Amino acid sequence: MQVTVMPTATPTPRSTPLPPVPTAIPSGSEENPVRMVIVPASSGLSARRAARELETSLSERTGRAVEVVLADRYAEALAALCDSVGGVVNVAWLDGVSYAAAEAQACGTPLLQVERRAGRSSQAGEPIVMVANGDAGIESVADLRGATFCRLGYSDLATWLIPAIMLQTHGLDVAEIEHVVDYEDLTLLLEAVADGECDAAGVPQSAYSGARSAVRNALITLDESPPMPYSILMIPVEMPLDLRNELERAIVAMSSDEVDAEALDDLLRFERLVTVESSDLAPVRQFVAEAGLDLAVLGS
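Take the sequence shown: its position 27, counted from the start at 1, is 26 in numbering that gives the first Met the number 0, and no numbers get skipped.
Nothing false has been slipped in among the hints.
Across the chosen pairs, the derived CB separations fall in these ranges:
hint: 1; residue 1: Glu-29; residue 2: Asp-194; range: 57 to 65 Å
hint: 2; residue 1: Arg-144; residue 2: Gln-122; range: 27 to 35 Å
hint: 3; residue 1: Ser-278; residue 2: Ile-219; range: 29 to 37 Å
hint: 4; residue 1: Gly-209; residue 2: Glu-29; range: 46 to 54 Å
hint: 5; residue 1: Arg-243; residue 2: Ser-41; range: 26 to 34 Å
hint: 6; residue 1: Gly-291; residue 2: Gln-122; range: 27 to 35 Å
hint: 7; residue 1: Arg-116; residue 2: Ser-277; range: 22 to 30 Å
hint: 8; residue 1: Ala-174; residue 2: Glu-223; range: 18 to 26 Å
hint: 9; residue 1: Glu-138; residue 2: Arg-51; range: 46 to 54 Å
Read the hints as simulated data drawn from the structure, not as lab findings.
Predicted, not measured: the structure shown is a model, and the values here were computed from it.
For glycine and all other residues, C-beta sits at the position ideal for the given N, C-alpha and C.
Just need the whole structure built from these sequences, with the hints factored in.
Following this line, the structure appears as structure tokens:
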């Protein structure tokens, strides 16, 4: 008797469902708002009120959810800009040094620039002038080794951070300055240098040119920076083009609207806003780079 072996039934393989792929939350939605980070020119209630007004107007004009965040330092604004990943869009208004750091870290690209009134026109920034007492025997920046340098404060851009870069460009570390003295305002600061209480200081060009003639005559100029931008709106490199265009149109329109411009002015101190490209700011990047600063760590 022949036995026929029946084939064994092979179970039909069943596919294992893949885990659901999360849907990217669109930039500018309520769940993923565009964040604009600003170091405000005003302070307290005035700045907070202006931020709320700016937030509301930007949201209405763009049709997107926009959140305005006030920061204490430009390093915070830079860090937020560099954290624009995975569909998160953080834009930031930066000063000249943090702008150079953003470019060096490939975190963003410039979109708009603040101009402020200067006489009968407006300008996007101004040079910082390093001056010294004419009777102190100082003829160059290198002669400031062991000198007394005066400023408005440790975090002041014009009277300390930019002069510190100028010192390093000339091979002089700030640690080689023997004494650093803080003053309350630019007028007192310049008078202190003229009177010999300080050997040198760095001040905005407008403050130097606007000082009394007796003060200017007692000073000599040691060095001058390129015009340092007042404020630059930086956007992430990968920001969607439609969102970029909507945001730019909205801000420019606000700058010419009487009500909205007041809120912008509280935060930015501007005469007008102009478009800007990286090539326009090459002198700023070169100035900062010549000091040999490690811009990769700024804001981190």
